[in-house]
Amino acid sequence: MKLVVMLALMFLSFARTAQGQELKKEFLDPVPEDSRSTAVKVKGGTMLFLAGHTASQPQRDADLGNFDAQFKSTFDKIKNTLAAAGGTVDDIVSMSVFITDLRLVPQFSKLAKDLFKKNFPAVTYVEVSHLARPQSLIEVQPIAVIP
Amino acid sequence: MKPLLLVLLLGVLASPGLAQQREMILPVPASAYSQAVKVKGGTLVFLSGVGPVDEKGVLVAPGDYAGQVRQTWENLRRILKKAGGSLDDVVTMTVYTTERRWGDIFTDMRKEVFKTGYPSSAFVEARKLKTPGAMIEIQAIAVLKE
Numbered sequence: 003m004k005l006v007v008m009l010a011l012m013f014l015s016f017a018r019t020a021q022g023q024e025l026k027k028e029f030l031d032p033v034p035e036d037s038r039s040t041a042v043k044v045k046g047g048t049m050l051f052l053a054g055h056t057a058s059q060p061q062r063d064a065d066l067g068n069f070d071a072q073f074k075s076t077f078d079k080i081k082n083t084l085a086a087a088g089g090t091v092d093d094i095v096s097m098s099v100f101i102t103d104l105r106l107v108p109q110f111s112k113l114a115k116d117l118f119k120k121n122f123p124a125v126t127y128v129e130v131s132h133l134a135r136p137q138s139l140i141e142v143q144p145i146a147v148i149p
Numbered sequence: 081m082k083p084l085l086l087v088l089l090l091g092v093l094a095s096p097g098l099a100q101q102r103e104m105i106l107p108v109p110a111s112a113y114s115q116a117v118k119v120k121g122g123t124l125v126f127l128s129g130v131g132p133v134d135e136k137g138v139l140v141a142p143g144d145y146a147g148q149v150r151q152t153w154e155n156l157r158r159i160l161k162k163a164g165g166s167l168d169d170v171v172t173m174t175v176y177t178t179e180r181r182w183g184d185i186f187t188d189m190r191k192e193v194f195k196t197g198y199p200s201s202a203f204v205e206a207r208k209l210k211t212p213g214a215m216i217e218i219q220a221i222a223v224l225k226e
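Each protein sequence line maps, in turn, to chains A and B.
Take 3 as the starting number for the first sequence in this note's numbering and just add one per residue.
Take 81 as the starting number for the second sequence in this note's numbering and just add one per residue.
Some hints could be false.
Chain A stretches covered by chain B per the calculated footprint, using a threshold of three residues with CB under 8 Å from any CB of chain B [as the list claims (entries may be wrong)]:
#1 39-46
#2 92-98
#3 126-136
Below are the DSS-like pairs computed for lysine-lysine, each with C-alpha atoms no more than 27 Å apart in a straight line [as the list claims (entries may be wrong)]:
#4 B:K191 <-> A:K120
#5 B:K191 <-> B:K120
#6 A:K115 <-> B:K162
#7 A:K27 <-> B:K208
#8 B:K208 <-> A:K74
Which chain B residues stay away from chain A? Per the calculated CB distances, all over 12 Å, these [claimed, not checked]:
#9 M104
#10 A110
#11 V138
#12 K162
#13 A206
Since the hints were made in silico from the structure, they are not lab data.
The beta-carbon is built from N, C-alpha and C at its ideal position, and this holds for glycine as well.
Please take these sequences and the hints and turn them into a complete structure.
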């Protein structure tokens, strides 16, 4: 009898542990015009902290193109990084967007809408005077939670 | 046999997801932040940048730094409450301000707000913030105690 109780408790213990790993995400108060959620609540999963990503190339003076081209190239790199960790762009829960001109935010938001079809991450847009390369218009630093 | 049962029962109760452990590492009370915050367990909340706006997104207290900081705390409180938490659950914040010389005003106001330990923080001067006329915006991560 005692053995049965012990086994049941052990099972419960393991079940609880497994349950703790299961990913639950909640996107609070979406702001569609900014392609963001006011907050994203996350329980469980594996966290991934990404570096700031830009469109920059190994050659320092490479032409990085216009804003749309830089957006695409930046997120292609982010997708690569996420894939290397076993994730996708849908796993992004938060991003800091550093931009050299806040007037580009509506365009960023429009392009981001096509990228995050269902749920928007929490986003902070900040205008900075310079990024690492003089040609860079944008740098995106995401946090992802992978199931 | 009985102690073993007790240990197993405790193991069930203390397993991940139930208890949260939190430790403020090297607090800097003079500037109302900690060098690091160590957290185990709990539910994470990632907030978008929060600024000094009313519920309709209109700037509050134009030109009044202290007034804008107060509104920003109010907005953080409201969002965290909706997420099931409070300001005390904030573990880290990046503070963007348009003039870094306002740092002392900000620090004094943060001291009044955090009573159970200071979050880690970075304080950065940004050229411009999302809401025209905003002098402050805070990007925070919270860990709820549930």
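How the hints compare with the structure:
Coverage of the stretch 39-46 of chain A by chain B holds in this model, with 8 residues showing a Cβ closer than 8 Å to a Cβ of that chain against a need of three. Counting residues of the stretch 92-98 of chain A whose C-beta sits closer than 8 Å to any C-beta of chain B gives 3, which meets the bar of three, so the coverage hint holds. Restraint check on the stretch 126-136 of chain A versus chain B: 6 residues with Cβ-Cβ distances below 8 Å, three needed, restraint holds. Proposed proximity of K191 (chain B) and K120 (chain A) is contradicted: the alpha carbons are some 39 Å apart, above 27 Å.
The suggested pairing of K191 (chain B) with K120 (chain B) holds, with an alpha-carbon distance near 25 Å, which does not exceed 27 Å. The straight-line distance between the Cα atoms of K115 (chain A) and K162 (chain B) is roughly 25 Å, inside the 27 Å bound, and the hint therefore holds. Simply put, K27 (chain A) and K208 (chain B) have alpha-carbon atoms about 31 Å apart, too far for the 27 Å limit, and the pair is violated. Proposed proximity of K208 (chain B) and K74 (chain A) is supported: the alpha carbons are some 24 Å apart, at most 27 Å.
With a cut of 12 Å on Cβ distances, M104 (chain B) stays outside the contact zone with chain A, its closest approach being about 20 Å. At roughly 26 Å from the closest C-beta of chain A, the C-beta of A110 (chain B) stays outside 12 Å, upholding its exclusion from the interface. Even its closest Cβ contact with chain A, about 14 Å, leaves V138 (chain B) beyond 12 Å, as expected for a residue assigned away from the interface. For K162 (chain B), the shortest C-beta to C-beta distance to chain A comes to about 6 Å, within the 12 Å cut-off, and the non-interface label is violated.
Its closest Cβ contact with chain A, about 5 Å, brings A206 (chain B) to no more than 12 Å, contrary to its assignment away from the interface.
Taken one by one, the earlier hints fail for this structure at numbers 4, 7, 12, 13, listed in ascending order.
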